[in-house]
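For what it's worth, full-length UniProt numbering labels the leading residue of the sequence shown as 1, then goes sequentially.
Check each hint, because a few of them may be wrong.
To be verified - Cross-link-like lysine-lysine pairs, in silico, DSS-like; alpha carbons within 25 Å at most: (1) Lys105 / Lys81; (2) Lys113 / Lys89; (3) Lys105 / Lys89.
As the list claims (entries may be wrong) - Label pairs and their in silico Cβ distance ranges: (4) Leu225 / Ala145: 26 to 34 Å; (5) Glu267 / Glu27: 54 to 62 Å; (6) Glu239 / Gln218: 20 to 28 Å; (7) Asp119 / Arg98: 23 to 31 Å.
Quick caveat, the hints were computed from the structure, so don't treat them as lab data. By construction, the Cβ of each residue, glycine as well, lies at the ideal position given by its N, Cα and C atoms.
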Amino acid sequence: MSLRSERVTQLGSVPRFRLGPLLVGPERLTLIDDGQTITLEPHMMEVPIALAERAGEVVSAEQLLIEVWHGSFYGDNPVHKTIAQLRRKLGDDSRQPRFIETIRKRGYRLLPKVVFPDDYRGAVIGTQAWGHGNPYLGLQAFDPAHADVFFGRSHAIAQVVGALRAQLHSQRGLVLVSGASGCGKTSLLRAGVVPLLCQPSGLDGLEAIAVAYCNLAQCRGGDVLDTLARALGEWAPGERAVFSPAQMARLTEWLQQPALLHAAIDEAMRQRAQRAIARRPNAICCWSSTIPKRWWPRPASAPPTGLRWPQRCRRCAPVRTWPC
1 MSLRSERVTQ LGSVPRFRLG PLLVGPERLT LIDDGQTITL EPHMMEVPIA
51 LAERAGEVVS AEQLLIEVWH GSFYGDNPVH KTIAQLRRKL GDDSRQPRFI
101 ETIRKRGYRL LPKVVFPDDY RGAVIGTQAW GHGNPYLGLQ AFDPAHADVF
151 FGRSHAIAQV VGALRAQLHS QRGLVLVSGA SGCGKTSLLR AGVVPLLCQP
201 SGLDGLEAIA VAYCNLAQCR GGDVLDTLAR ALGEWAPGER AVFSPAQMAR
251 LTEWLQQPAL LHAAIDEAMR QRAQRAIARR PNAICCWSST IPKRWWPRPA
301 SAPPTGLRWP QRCRRCAPVR TWPC
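Given only the sequences and the hints, what does the whole structure look like? Please build it.
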């Protein structure tokens with residue numbers, strides 16, 4: 001079954017509901033307004049469903065991207081384009097909206113009253129069948145293998161991704177996720193955030209090239225730096241280790257002298273970028289001493305080097321940033 005057919009089938013399980021003057025029929029991909037039928041594509045139908053299920057709330061573009069597209073798309077972010085198409089279908093005006101209001105720098109909010117039937121149950125669109133053992137892990141954390149069946153946390157995932165993006169724009173390399181023990185922080189990151197960032201195309205300009213884990217709670221005898229050093233040693237973008245064996249022996253020392261650590265990471269990313277140019281000469285490479293960046297296609301007679309993000313790079317081409 002094609003992905004489109006599968007999504008249509010899943011939408012067929014969502015009951016009809018009213019959105020102001022509109023009767024929303026997910027099973028037929030239609031909106032009925034005073035006898036006039038408006039036909040939508042599956043993704044376009046999923047957007048008003050997602051907004052209706054959070055009626056009155058502001059839903060960020062990041063959350064819609066995660067919930068509707070599951071972070072997988074080609075080219076520009078499809079959320080704004082789909083919202084614009086939906087407005088045209090509805091005859092809505094972004095400056096004087098009747099259906100979808102844009103909240104600047106925050107997201108979108110549905111304006112009409114939403115009325116669901118008493119037995120309404122929303123469909124989890126785009127999830128895959130699970131056949132790899134019991135998906136209910138009790139007190140254990142979910143991991144990337146459970147990404148396809150990890151759902152219900154799109155708002156929290158979007159908040160973390162938004163925090164990552166804000167930190168990268170500020171050229172800061174740390175995002176702290178804090179919460180009570182057992183509330184699901186590890187599952188949120190490992191089954192929610194990390195799989196989206198590790199996709200081949202990343203998530204709307206964010207893509208992780210290497211991921212490593214360490215559990216500081218298991219440190220004994222004050223070996224926190226050793227534990228962090230071992231985790232850093234697992235970085236291997238493109239199956240090529242960032243640190244050589246000789247550098248690995250010095251990582252604990254370098255963690256106390258960040259300038260040396262940054263220089264080693266910078267050199268590893270520089271070499272990676274040069275290999276990318278060798279494979280694909282029409283590319284621009286960008287890196288910084290704190291957050292490594294990747295390359296992206298762009299016609300150029302001679303790719304510049306040593307660009308600083310975001311001032312120059314944001315003017316040059318679409319940015320792909322790399323949280324460490």
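What hint numbers does the structure not satisfy? Every hint satisfied by this model.
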